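Asker: Sequence:
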Amino acid sequence: MTQLALGKLNKLAVKKQVEFGVYLDGLSWGDILLPKRYVPSGAEVGTVLEVFLYLDSEDQLIATTEKPYVMVGQVAQLKAVAVTKVGAFLNWGLKKDLLVPFSEQQIPMQLDKYYLVYCYVDTSNRIVASAKLDRYIGKDTPDYQPGDEVQFYVASQTDLGYKVVVDHQHWGLLYKNQVFKPLRIGYKGTAYVQKVRDDLRIDLLLDKPGYEKTQAFTDVILERLKHKGGSLPISDKSTPEQIYGEFGVSKKMFKQAIGALYKAGKIVIEAEAIRLTQTQSN
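Residues in the sequence shown are numbered consecutively from 1, following UniProt numbering.
It should be emphasised that the hints constitute simulated quantities derived from the structure, not laboratory data.
Just so it is clear, the structure is predicted and the values come from calculations on it, not from any experiment.
Please note: incorrect hints may appear among the correct ones.
What follows is a set of in silico ranges between Cβ atoms, one per label pair, in the way DEER data are often shown [to be verified]:
hint: 1; residue 1: Ala82; residue 2: Asp122; range: 14 to 24 angstroms
hint: 2; residue 1: Asn91; residue 2: Lys237; range: 42 to 52 angstroms
hint: 3; residue 1: Asn91; residue 2: Thr141; range: 25 to 35 angstroms
hint: 4; residue 1: Pro101; residue 2: Ser28; range: 21 to 31 angstroms
hint: 5; residue 1: Ser103; residue 2: Asp148; range: 29 to 39 angstroms
With a Cα cut of at most 16 angstroms, we get these calculated EDC-like pairs of lysine to aspartate or glutamate [said to hold, decoys possible]:
hint: 6; residue 1: Lys11; residue 2: Glu50
hint: 7; residue 1: Lys176; residue 2: Asp203
hint: 8; residue 1: Lys96; residue 2: Asp56
hint: 9; residue 1: Lys188; residue 2: Glu149
hint: 10; residue 1: Lys11; residue 2: Asp31
hint: 11; residue 1: Lys228; residue 2: Glu246
hint: 12; residue 1: Lys251; residue 2: Asp236
hint: 13; residue 1: Lys8; residue 2: Glu66
hint: 14; residue 1: Lys226; residue 2: Glu246
hint: 15; residue 1: Lys251; residue 2: Glu241
hint: 16; residue 1: Lys15; residue 2: Asp31
Where is the CB? At the ideal position from N, CA and C, for every residue including glycine.
Based on the provided sequences and hints, a complete structural model is requested.
Answerer: See below:
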């Protein structure tokens with residue numbers, strides 16, 4: 001039997017049509033209302049719809065075809081839209097806001113501020129969120145190989161670089177020498193696994209390791225040179241910050257790429273510039 005999940009997407013069949021929407025077959029959970037404003041045109045009895053299940057303001061189970069900014073088991077950066085005596089409420093893209101109880105706030109939340117939170121179902125079956133990420137992140141053993149692509153959220157800045165949440169469930173680290181611009185808390189990006197450490201934290205790289213990435217980047221450099229008239233005021237002597245500002249990659253990757261282009265006879269590397277060779281300029 002299909003297992004339904006509160007706070008996640010579920011595929012349910014239309015069981016009955018009524019004036020104010022449709023009832024979906026919630027199996028052991030009973031019939032679940034999908035209000036009329038969320039019912040896709042053409043939906044009829046037997047149509048299978050992908051819906052998000054949550055509790056409405058009366059704590060009744062209800063479905064929507066809208067997708068929230070965060071689901072159970074995920075992290076996201078959300079804005080506080082109300083602070084009350086029961087906790088703070090965050091905008092997660094649905095009509096009913098997402099509660100962060102006081103006990104789950106790292107510091108007292110303030111109106112209109114953004115917070116990185118983890119979404120979960122509490123013991124009373126409510127979908128809530130927590131800013132105390134250490135309670136929920138890093139509990140499972142990572143299963144990654146070097147070079148695997150992952151998504152990350154920046155959680156905090158450390159002496160070594162940036163502590164990040166990897167794929168909503170693991171802790172990772174971006175080292176200072178991999179990052180050439182300040183990253184704000186809640187920044188979302190793509191990185192690549194360098195290694196999984198013995199403490200189960202993941203060392204990450206912003207650049208994809210391997211030959212294929214360097215090859216693709218050489219094409220970017222050639223196109224940029226052609227667009228700029230054959231020359232760019234940047235070289236292997238430029239600072240990491242200058243290189244990242246121009247191309248968005250590390251100095252190591254830049255040097256690998258221009259080295260490959262130089263060996264192929266496509267560019268000349270000067271003290272403060274690179275330029276296309278005569279054959280490439282024609």
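Asker: Lys228 and Glu246: Cα distance at most 16 angstroms?
Answerer: Holds, at roughly 12 angstroms.
Asker: Are Lys176 and Asp203 close enough, with their CA atoms no more than 16 angstroms apart?
Answerer: holds, 12 angstroms
Asker: Straight-line Cα separation of Lys251 and Asp236 no greater than 16 angstroms?
Answerer: Between Lys251 and Asp236 the Cα gap is close to 8 angstroms, so the pair holds against 16 angstroms.
Asker: Taking the beta carbons of Ala82 and Asp122, is their distance inside 14 to 24 angstroms?
Answerer: holds, 19 angstroms
Asker: Taken at face value, is the distance from the CA of Asp56 to the CA of Lys96 at most 16 angstroms?
Answerer: holds, 7 angstroms
Asker: Does Glu241 lie within 16 angstroms of Lys251 when you go C-alpha to C-alpha?
Answerer: It holds: about 8 angstroms lies between the C-alpha atoms, which stays within 16 angstroms.
Asker: Hey, Lys226 versus Glu246, does the alpha-carbon distance stay inside 16 angstroms?
Answerer: Holds. Lys226 to Glu246 sits at ~15 angstroms (cutoff 16 angstroms).
Asker: Given a hint of 25 to 35 angstroms, does the C-beta separation of Asn91 and Thr141 actually sit inside it?
Answerer: The hinted range 25 to 35 angstroms holds for Asn91 and Thr141, with Cβ atoms some 34 angstroms apart.
Asker: Are Lys188 and Glu149 close enough, with their CA atoms no more than 16 angstroms apart?
Answerer: holds, 14 angstroms
Asker: Is Lys15 close enough to Asp31, meaning Cα to Cα at most 16 angstroms?
Answerer: Holds - the C-alpha atoms of Asp31 and Lys15 are around 8 angstroms apart, at most 16 angstroms.
Asker: Against the 16 angstroms threshold, does the CA-CA distance of Lys11 and Glu50 hold or violate the hint?
Answerer: Distance ~4 angstroms between Lys11 and Glu50 Cα, so the pair holds.
Asker: Range first: 29 to 39 angstroms. Now tell me if the beta carbons of Ser103 and Asp148 are that far apart.
Answerer: With Cβ atoms ~35 angstroms apart, the hint holds.
Figure legend: structure checked against the earlier numbered hints; every hint is met.
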